[in-house]
Amino acid sequence: MKNNRKSLINGAILTALVVSSMPAGALDKPKTMEDMWKIIQAQQKQIDDMKAKMGSAPPTAAVLPNTGTQTAVNTAQNTGGNVANSTNVKNLERKTDILSQEVEKLRTNLAIPEEAKYKSAYGLGPAASKVYAVGKGLSIGGYGEGSYQDIVGDKGDSNDSADLERMVLYVGYKFTDRILFNSEIEFEHATTGEGSEEKGEVSVEFAALDFFIDPMANVRAGLVLMPMGFINLIHEPLFYFGNQRPVVEQRIIPTTWREFGVGVFGAITPNFTYTAYVVNGLDAQGFTSDGIREGRGGGSNAKAEDFGYVARMDYVPDALPGTTVGASAYVGNSGQNQVYAGQKADAFTQLYEAHVQWKYRGFEFRTLGSWGHINNANLLSASIGEVVGSQNYGWYTEAGYDVLPLILPDTTQYLAPFFRYEKVDTVAKAPSGWADDLTKDWQIYQVGLQYKPIPNVVIKADYRNFVAKEGTHPDDFNLGLGFIF
Amino acid sequence: MIFFLYKSRWGSWHSRIAALSLGLCCCLAQADIPRLPGDNRLSLKAQLGKQLFFDDKLSSPPGQSCASCHDPKAFFVDPDKDSPTSVGALPELKGSRNTPTLLYAAYSNAFHYDKKDGLFIGGFFLDGRAETLSKQAKGPFLNPLEMANPDLFSVVDQVRTSDYAPLFTRVYGRNAFADYRKTFNYIADAIATFERSAVFRPFTSKYDYYLTGRATLTSQEMRGRRLFENPKKGNCAACHPSRPARDGTPPLFTDFSYDNLGVPRNVDNPVYQLADKFNPVGWDFVDNGLGGSLGDAAENGKFKVPSLRNIAKTAPYMHNGYFKTLRGVLAFYSTRDALPVCNNQWAREAAAIKSHCWPAPEVKKNVNVDELGELILSESEIDDILAFLQTLTDGFQPQP
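Protein chains in written order, with this note's numbering: chain U, 1 to 485; chain D, 1001 to 1400.
Each hint should be verified, as a subset may be incorrect.
To be verified - Derived lysine to aspartate or glutamate pairs resembling DMTMM-like cross-links, with alpha carbons at most 20 angstroms apart:
id, chain 1, residue 1, chain 2, residue 2
1, U, Lys155, D, Glu1379
2, U, Lys117, U, Asp35
3, D, Lys1232, U, Asp157
4, D, Lys1073, D, Asp1039
5, D, Lys1232, U, Asp150
6, D, Lys1233, U, Asp157
7, U, Lys155, D, Glu1381
8, D, Lys1232, U, Asp160
9, D, Lys1233, U, Asp35
10, U, Lys303, D, Asp1247
11, D, Lys1233, U, Asp154
Derived from the structure by calculation, the hints contain no laboratory data.
Bear in mind the structure is a predicted one, so any value in this text is a computation, not a measurement.
The shape of chain U in the complex, shown without the other chains (with noise of 0.2 angstroms):
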């Protein structure tokens, strides 16, 4: 008994040893949950018709008197047979148990899944829709950018620049099947340090819990980006052509615009998406000639003395593939209840965008126009010594294609020649007694290239031509690359 129970011990050792001298990638990981599960059940099948064969077999040594020498070697080699047995046992219960801690892992979402879908979510950026592609647990993501951008024309008092202009951070967690958090924490132009070094800033892009309460009406709360346009939800650098993001959503939609607030998203169909927030209004204190941009509140101490509404729908009609239309609408007080020229002002903020987006094979094709009114723009403007446009509008077209497949019929690499064009003017129209200020109105013609060794890194190259109705403002080529995980 006591020589059978060392053998065993011995026997069980050795398969360990074994076992654990094999290398990691002997077992080969499972990429989902349900693999898992169809692996586990099989080895547990297995273990129990071991343990089956194990009953039936004919009894041991171990349970028989000892009656001499050819007994003996009767149960010396009984007992090879069940260590044998044995052994196998421990090595599927062993395997069993790496699986389960596998598994384990896979639902605390400790490691972070090896071979990520990216694909957008609630018509977030593919890399911040991660944790809705979790099955519970952390996710983390992130995209980056930097160029160097080279002024080439009406150079000014311009300088070129190199710059990692944002390495960003998303995090988000899946509290449950209904509750998750997510989030964008940006690093601008990467640093924040002080004196000459204060150039940058780390940021808050957004922080939002969202409860999934059906598909038609889902609740968001929190830091969110406002609904509106194509990049200020998507704006990693895969999605987008060129290096700097269309200046039509920078200066008339103010990406990346948030804002505190609380709202609702989902499907009224399943190509019907809309959603729609209440958030804190405007600071009409920060309006300038170039718009309405330095106004954003960010959820950082903003005023809340009037709110903002702003409301989003898309639609993805089946007869055209690849297609979305949309608008939004935002509208809301701005005055935050301060003095403007020595009285208080409503400045009522409407902004409204429309847009279209083609994808078809290897050509894509984006159009987006926004025109926005701030009334009291004539107290705005005496309260700043400069005008605020009592209108603001923008739009751009650009068109795409991707040509690598007419060269490399198999390549998996993408490059895509571009043109955009845009049009923008902060000051539309005047207030009264103000003069408009033709500097802010601006055209630009923008070509470049865009070229994706895998679809997560995405090199650019690309030149923009500004031409203001007066004064001038610089010509760039822009060289720089992104990323997302």
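Since chain U is already given, all that's left is putting chain D on it; use the hints.
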């Protein structure tokens, strides 16, 4: 007669008669005092201040008033543009510093040290030696190079016997003349009150009308403003803010700080030829400005940043009047550190520009090299900034 019926409004008979007689006195006294834009609603104290301001009997010998060097017709600076500094009551004596305008001066804070910025701010006189406006008002009366009164008693005595003395007692009470020192303080207080009135803050420049949507700036003026404000170009707004304050106050074009711009010495400054009593070192005289008034060498060479309102009309420029032209000032800001130092340290503005050099600074320490000195503005950019500065002159008539 309605005037007399509303007793509750107009007080006692006695005070009514006093008010009437006072008004009569003022009318008589104001006969040779100019009407000024904004003086139609002056308080009694400000009216008294105006009397004092224009009284040329308050100097020794008589003949010089506050208005002699702060002439309302010349935007409250010295009308004599040819002299870098002003002549005093004694014609053979001239001051050492260029007379600053009094327009908008009352907006200056009391002199203090701003811990946050590490700068001295506010105060009066170019070196900040008077903490408040009323303290400043006392200074010229007793300055031998200005109104040259031997002591405050002579000033007070002159006011006591003036035809506006009843107005003085009306404002400061029956005992207004009981104590010479107090009376002298009252005199300064009344003048400061006048200097705080609407007369000294007209805000009627083209730029003011532009800021309220009642005038349009030309393209050149707009370009000038952009250059003025651009930190990479003129960077002027760093010390001369050009935008309205949050409370709606129009821009004052000064941050009330002190700076050493590295201005050369001015060979035409009369200070170098003053008698030993006033300037014992002759041509070795150096004006240390704020450093001199504080007795702190770390502040040497710094002078108060002036408002640029009416700058086109208030030549000459700088504490010693070195620059006769505004273009010269801009050229200096643009190339001070880019051009070589002139061999002739006494070279005048015109000669320096012609020779493409600038004389060495009067005070070499503490020169501001961070915000000016090498702006490298083109001639057309200087033209643009000059065009903008022209819009800061009060008295613009907007189109109806």
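To see whether the hints hold, each was checked on the structure:
Between the alpha carbons of U:Lys155 and D:Glu1379 the distance comes to roughly 18 angstroms, so the proposed pair stays at or under 20 angstroms and holds. Simply put, U:Lys117 and U:Asp35 have alpha-carbon atoms about 17 angstroms apart, close enough for the 20 angstroms limit, and the pair holds. Our distance criterion of 20 angstroms between C-alpha atoms is met by D:Lys1232 and U:Asp157, whose separation comes to about 7 angstroms. Straight-line distance between C-alpha atoms of D:Lys1073 and D:Asp1039 comes to about 15 angstroms, which keeps the hinted pair within the 20 angstroms bound.
Proposed proximity of D:Lys1232 and U:Asp150 is supported: the alpha carbons are some 18 angstroms apart, at most 20 angstroms. Proximity of D:Lys1233 to U:Asp157 is assessed by CA-CA distance (about 7 angstroms); at most 20 angstroms being required, the pair is judged to hold. With a C-alpha separation of about 15 angstroms, the suggested pairing of U:Lys155 with D:Glu1381 holds against the 20 angstroms cut-off. Straight-line distance between C-alpha atoms of D:Lys1232 and U:Asp160 comes to about 14 angstroms, which keeps the hinted pair within the 20 angstroms bound.
With a CA separation close to 66 angstroms, the supplied pair D:Lys1233 and U:Asp35 exceeds the 20 angstroms bound. Between U:Lys303 and D:Asp1247, the direct Cα distance comes to roughly 18 angstroms. Compliance with the 20 angstroms bound is thereby established for this hinted pair. In summary, the hint linking D:Lys1233 to U:Asp154 is supported, as the alpha carbons are separated by about 15 angstroms, within the 20 angstroms threshold.
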